[in-house]
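**Student:** One-letter residues, chain by chain:
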Amino acid sequence: MFLEKMGFPHDISTFGPSIDAIFLLIFWITVVTWILVTVTMVVFLFKYRTRPGRKAEYIEGNSRLEITWTTATTVILVALALLSRSTWADIKEHGPPGDFFYKVTAKQFNWEITYPGADGKIDTKDDVTIENEFHVPVNKVIRIELESKDVIHSFFVPNMRLKQDAVPGRTIQVWFQATEPGTYEIPCAELCGFGHSGMLGHLTVQSEDDYNKWLKDTYSNQ
Amino acid sequence: MSSTAAVEIHGAHAQHHELGFVRTYLFSTDHKMIAKQFLFVALFMMAIGGLMAMLMRLELGWPENQWTILKVFPETLQQDSAITPNTYNSMFTMHATIMIFFVVMPILVGTFGNLLVPLMIGARDMAFPKLNMFSFWVSAAAGVIMLSSFFVAGGAAAAGWTSYAPLSAVPNYTGVDLGQDLWCISLIVLGMGSLMGSINYITTIINMRTKGMTFFRLPLVIWSLFITAILLLLALPVLTTALALLLFDRMAGTHFFIPTGGGEPLLWQHLFWFFGHPEVYIMILPAMGITSEMLSVFSRKPIFGYRAMAYAMIAIAFLSWIVWGHHMFQSGMNPALGTSFMLTTMVIGVPSAIKTFNWLGTLYKGDIHFTAAMLNALSFVAMFVIGGLSGIFMACTPVDMYIHDTYFIVAHIHYVLFGGSLFGIFAGITYWYPKMFGRLMNETVGKIHFWLTFVSFNCTFFPMHILGMGGHMRRIYNPLQYDFLKPLAGINEFISISALILGGVQFIFLFNMIYSYWFGEKATENPWHANTLEWTTPVHPGHGNWPGKLPVVYRGPYEYSSPETREDYWPQSAPPEHMSAAAR
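Residue numbers (my numbering), protein chains in the order written: chain A, 1 to 222; chain B, 1 to 584.
Please note that a few of the clues may not be correct.
[Said to hold, decoys possible] Chain A regions said to be covered by chain B (calculated; three or more residues, Cβ under 8 Å): (1) 6 to 19; (2) 137 to 144.
[As the list claims (entries may be wrong)] Keeping only pairs whose Cα atoms sit at most 27 Å apart, straight-line, the calculated DSSO-like set for lysine-lysine is: (3) Lys107/A / Lys125/A; (4) Lys55/A / Lys447/B; (5) Lys365/B / Lys55/A.
Think of the hints as simulated: they come from the structure by calculation, not from any bench.
Glycine included, C-beta positions come from ideal geometry on N, C-alpha and C.
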């Protein structure tokens with residue numbers, strides 16, 4: 001909630017909350033550190049400003065202090081890395097098995113969404129391709145094969161904190177599970193040419209019934 | 001007879017120094033003149049890079065608005081006095097390219113490296129003065145090539161300063177043809193100039209330190225320049241190689257980075273960032289060194305933890321080679337590799353933290369003089385802390401997934417590069433101005449410039465963190481094309497107004513530099529009561545720096561307020577008490 005007040009888009013993904021939690025943890029660590037450092041600095045600047053008759057104290061350093069702050073920052077930073085590891089692995093290295101499968105092909109300056117057709121499989125004859133309209137059922141694990149036809153693009157769904165570059169010559173696996181019906185924007189986040197700004201798709205998350213109805217209408221129109 | 005001989009010798013001597021206009025100001029081999037050449041060219045480039053930032057902010061604050069003033073630009077750059085999307089892409093590409101390669105690097109390395117290395121280690125010049133001259137002229141040629149790309153058909157490069165392939169490798173993808181080629185060629189040429197410079201710095205520092213100047217008596221700014229030169233020597237050739245491959249892809253039909261012919265787009269990113277991350281430290285280390293000098297001199301105290309400071313820089317230099325993958329977490333690179341890069345990236349935060357704590361320690365129980373140079377150096381510390389802390393967010397792979405390629409990153413790099421490097425540059429120019437021009441810069445004007453810059457800088461770049469948290473992508477021409485960014489339009493407008501002020505107040509600094517050249521207070525030999533060797537030369541040091549013998553060094557550079565002396569400073573070259581007593 002706090003982060004949404006700070007400008008984060010409303011989260012509708014299953015992995016979003018753990019990303020936001022880590023963000024918030026780092027946020028508080030950095031805010032506290034910043035306050036400590038800045039207050040110390042301001043106090044020093046005020047207290048030790050030059051005054052007539054006072055000489056600076058000759059201090060060359062302090063090994064114990066050096067060891068303390070080196071160890072403390074190392075421990076905090078390495079702990080943060082270890083803590084983030086599993087969230088990252090869950091999102092990008094392995095995910096739950098997919099319920100629905102799609103192919104998203106980026107090209108200057110559109111997202112081509114390939115729906116699998118009746119057989120539920122991609123790269124078969126009954127595939128249907130629609131530009132920029134990505135409909136998915138709610139609360140299902142969606143798996144995408146992400147590709148690009150020309151340059152590098154980046155598939156970005158701010159409401160899911162999800163971002164993955166689409167690289168020509170590669171097929172990259174992406175998964176997500178949307179928890180709330182609605183329509184959300186899919187901007188391209190990697191500079192892809194003069195039409196980069198405005199390269200925009202829409203993700204429509206629907207109940208499974210609505211989704212099936214939409215899919216049927218769409219297939220019959222093809 | 002003897003008097004005639006003396007006159008003849010004197011005459012020959014004078015003749016030796018009368019080099020004429022061309023040899024003195026254009027093709028000079030004097031490191032001090034070359035430093036000034038780098039400075040003037042870089043300040044000129046800064047005006048161009050800054051102008052581009054202003055144009056970008058006009059577009060982002062008031063998207064697709066028509067500005068009558070834009071009529072001065074040719075039709076290729078504006079349509080009906082509005083900025084076009086492709087122009088916008090060229091603007092941010094060239095803004096970053098110019099600021100990084102033609103402003104921050106030349107000033108930190110070219111100007112301060114050239115000015116300070118011989119003067120602070122007690123050498124008469126660089127090891128290879130002619131190579132030094134050549135290095136400047138090669139860099140200047142690179143600048144001319146880069147600027148010429150604005151005037152060719154298709155306009156200047158528009159693929160971002162990172163120039164990701166295949167966008168940059170195939171002319172049709174951006175619509176920019178010759179401009180991108182010239183971009184590559186310019187940076188290849190600059191890479192050669194930089195190579196000559198770095199070899200020169202390294203050789204000079206290793207071989208030409210005066211008697212008594214051991215490595216651990218070197219001022220920290222020299223340590224920082226030494227380490228920077230090593231990073232330059234090793235990093236720039238990687239960029240040059242990558243650029244050559246890119247140029248082959250563009251002009252010779254190869255497919256190093258183009259997948260349709262079996263190439264690999266991520267190869268470009270690996271090469272670019274293998275150069276790019278050491279590059280980041282190339283641009284911050286010298287500013288750290290400058291800050292260390294200022295903090296010690298103006299607190300009248302030894303730098304806290306001198307050795308820790310030097311070791312921290314060495315640690316940064318080593319670690320900077322194994323963190324490049326943190327630019328590529330979302331690139332499609334193996335995510336398991338991302339985890340390793342997250343760990344190394346977190347670890348590289350440690351030496352930076354060590355430096356910050358040591359700067360605070362330097363202030364502790366000091367006798368702090370708030371000169372304009374000191375204010376800028378203090379601001380370096382304060383802003384670097386923010387830039388460093390915001391880096392932790394992106395080092396963390398899952399958080400980076402959200403904020404990658406957003407304004408959070410833009411805020412971060414500007415806190416490091418402007419809040420860090422540029423404030424360091426302001427401090428350094430103010431502090432060493434008397435060494436370069438024999439007069440002091442005006443303190444009052446300097447302080448006015450500092451406060452206006454400090455406030456407008458924070459008003460410009462701090463809100464960018466909030467944009468980034470809202471998901472605002474970088475490098476987009478019109479944020480109003482997206483519903484989720486519409487609520488952020490007010491912040492964008494505020495940033496643009498602040499940025500225009502920030503740009504405007506830089507003329508105060510320029511005015512101060514020009515005004516003080518003729519009307520500034522005349523400098524004495526050691527105007528800041530500093531310990532380092534550059535203040536033992538005459539006010540206007542000639543070719544060779546010291547008229548007589550080279551100074552001999554007896555102690556470290558930070559002996560301020562030592563209990564052994566009556567004054568609060570103790571120059572490195574002042575003979576110890578017993579020796580001067582014997583001399584008397």
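**Student:** Now tell me, hint by hint, if it's right for this structure.
**Tutor:** Each hint tested on the structure:
1. 6 to 19: Three-residue rule met by the region 6 to 19 of chain A, so holds; n is 7.
2. 137 to 144: violated (count 0)
3. Lys107/A / Lys125/A: Roughly 22 Å separates the two Cα atoms, so the pair holds.
4. Lys55/A / Lys447/B: holds (25 Å)
5. Lys365/B / Lys55/A: This hinted pair holds, its Cα atoms lying about 9 Å apart.
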